[in-house]
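The residues making up each chain are set out below.
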Amino acid sequence: MVAIPSRHKAIVLLTIAVVAQVLLLAVQIKQDRRGRLIRVWTVTAVSPFERAGAWCFGKVRGTWNHYFALRGAAKENDELRRERDALKLQLAELQSKAEEADRLAVLLNFRKLHTDVPMLPARVIGASADTASMTIYVDRGEREGVRRNMGVITPDGVVGKVIEAYPSTSQVLLVTDKESGVGAMIAESRLQSPVGGAGEPLLQMKYVGSDDPVNVGDRVVTSGMDRIFPKDVPLGTVVEVKPGNPFKVVRLKPAAKLQRMEEVIVLLTLHPLEWGSPEAKQESGAGPGKASAPRATKP
Amino acid sequence: MSDAFEIRASGGTHVEVHKFRGGAIFAVVLASLVLQALVPLYIPKAAMLDLPLLITLYFGLSRRNPATGLVLGMVIGLVQDSLSKSPLGIYGIAKTIVGYVASSIGGRLDTEHPLSRFALTIVFFGIHQGVIVLTKRLLLAQPEVWFTTQMGIAAAVNAVVAVGLFFLLDRLRRS
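Taken in order, these protein sequences are the chains called A and B.
When the letters of the first sequence are read in order and numbered with this note's numbering, they come out as residues 1 to 299.
When the letters of the second sequence are read in order and numbered with this note's numbering, they come out as residues 1 to 175.
Hints were generated in silico from the structure; no laboratory data involved.
It should be emphasised that the depicted structure is a prediction, and the values quoted were computed from it without experimental measurement.
Yeah, the Cβ is synthetic: ideal placement off N, Cα and C, and Gly gets one too.
There's no promise every hint is true.
Dumping the calculated EDC-like pairs for lysine to aspartate or glutamate here, alpha-carbon to alpha-carbon at most 20 Å [said to hold, decoys possible]:
| no. | chain 1 | residue 1 | chain 2 | residue 2 |
| --- | --- | --- | --- | --- |
| 1 | A | K231 | A | D218 |
| 2 | B | K45 | A | E200 |
| 3 | A | K59 | A | E99 |
| 4 | A | K59 | A | E100 |
| 5 | B | K45 | A | E262 |
| 6 | B | K136 | A | E179 |
| 7 | A | K178 | B | E144 |
| 8 | A | K88 | A | E100 |
| 9 | A | K248 | A | D218 |
| 10 | A | K257 | A | E100 |
| 11 | B | K19 | B | D110 |
| 12 | A | K231 | A | D156 |
If you want the footprint, here are the derived chain B segments under chain A, 3+ residues with CB under 8 Å [unchecked claim]:
| no. | region |
| --- | --- |
| 13 | 67–80 |
| 14 | 86–93 |
Calculated from the model, a selection of chain B residues having no Cβ within reach of chain A, i.e. all distances over 12 Å [claimed, not checked]:
| no. | residue |
| --- | --- |
| 15 | H18 |
| 16 | P114 |
| 17 | R174 |
Work out the full structure: start from the sequences and follow the hints.
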């Protein structure tokens, strides 16, 4: 057996480690698999910490924000200040809960308006560990019926789609990711064209011909052609139109607040959906050809 | 003696190897991965930070054992891959190489001074990014760009954060 000199052991180990990972990459590409078992183990191991972290962050943020609201009371005497601090912290907690209740009320109302679409509310518990991609983790998974390629929305609009469902967690590819794509159309003119991410906060509407009428301010909704999202879900608003040949450069601001999401809705179906029952449409005031933006009524 | 950018002769000189409190490496690695996933939810701009890279770099430079450095880099990279949508191995390969190179040069350079840490972080951020782009281009046929202004800003931000973070991590060393 050939002995490896000790000074070469590290370089041999490096070579083995890199070659093994190159082979791992090659296997994934060849078989179009994503190393699911390793991901399941890792996500299962890390997601409890993410849940705990998300909970702590929320608490700390609420407390921190409202602590500064107390700075005006600094001139009060110590006893009053302590008492006020305690009350303020309590108030902060109650406000935080009230805000959460408001958000949940919006979700509930949205769900009532679209009773025919099976939906599952989910909480955002993490973002991508990869700085180049735009994904989030939500706290619902296979156990709750979430599957790959299910659509994810908020009452404001499209968020993305599930790209991996784990037992109690799912990974969602945001619509702004470079690999993302959604069937879309201009709400008013019904001009159809896919919308994709560009790895930045704005979306791009592709393949809009140089003669097609698109203007800044136009609302863009889903067309239902991708068979993931129902028709007429708000997708964004046109904020920039540049001439191009053969296609215009059309950029949209996403309708959903993708950078500040705490709760989302998973569309629990892999079948094409029609958006809202006739009664629901009538109630929401969203007729055919109009984006059915939900109207939140506070309880 | 000046403590900036001291270059030591490698032959026969004493190389200081730092050891850490029990469980410190595991806890720090786990915390970095959880924070990497959580902080951008609240501060979107923080997505440009690569905490797992900084942790790989710090322990590589401190432990100064190439075998340990590359294995730690590989594990951190593969976990990062598992928590992202990229194929397993993209970050794994990059961080394996960063871990190996950092621990190999850790004994030859003064890595304690904030300026050297700032410069080393920028260099290793570049190496890390370069390996990722190379891997994506060669193995995945993805048309990745080598450099953008955003990457330059990210390198500088990571370097600034590294100086503070490394100072905090120094507290975990076993004296």
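Against the structure, the hints come out as follows:
The hinted pair formed by K231/A and D218/A meets the criterion: a straight-line CA distance of about 17 Å does not exceed 20 Å. At most 20 Å may separate the alpha-carbon atoms for a hinted pair to count; K45/B and E200/A meet this at roughly 12 Å. A hinted pair counts as satisfied when its Cα atoms are at most 20 Å apart, and K59/A with E99/A qualifies at roughly 13 Å. Of the supplied pair hints, the one linking K59/A and E100/A holds, its CA atoms being roughly 12 Å apart against a limit of 20 Å.
Taking the CA atoms of K45/B and E262/A, the gap is about 17 Å. The hint holds against a cut of 20 Å. Distance hint between K136/B and E179/A is fulfilled; the C-alpha atoms sit about 14 Å from each other, no more than 20 Å. A hinted pair counts as satisfied when its Cα atoms are at most 20 Å apart, and K178/A with E144/B qualifies at roughly 11 Å. A distance of roughly 18 Å separates the Cα atoms of K88/A and E100/A; the hinted pair therefore holds under the 20 Å criterion.
About 15 Å separates the Cα atoms of K248/A and D218/A, which keeps this hinted pair within 20 Å; it holds. A hinted pair counts as satisfied when its Cα atoms are at most 20 Å apart, and K257/A with E100/A qualifies at roughly 16 Å. Annotation: proposed proximity of K19/B to D110/B holds, straight-line Cα distance about 17 Å (limit 20 Å). Restraint check: the Cα-Cα separation between K231/A and D156/A comes to about 14 Å, which is no more than 20 Å; the hinted pair holds.
With a threshold of 8 Å between beta carbons, the proposed coverage of the region 67–80 of chain B by chain A holds, since 7 of its residues qualify and at least three are required. Counting residues of the region 86–93 of chain B whose beta carbon lies closer than 8 Å to any beta carbon of chain A gives 8, which meets the minimum of three for the stated coverage. With a minimum CB-CB distance of about 18 Å to chain A, H18/B clears the 12 Å threshold, and the non-interface call stands. Listed as outside the interface, P114/B is consistent with that label: its C-beta sits roughly 24 Å from the nearest C-beta of chain A, beyond the 12 Å cut-off.
At the 12 Å boundary, the C-beta of R174/B stays outside the reach of chain A, the nearest C-beta of that chain being 23 Å off.
Violated hints for the displayed structure: none, as all numbered hints are satisfied.
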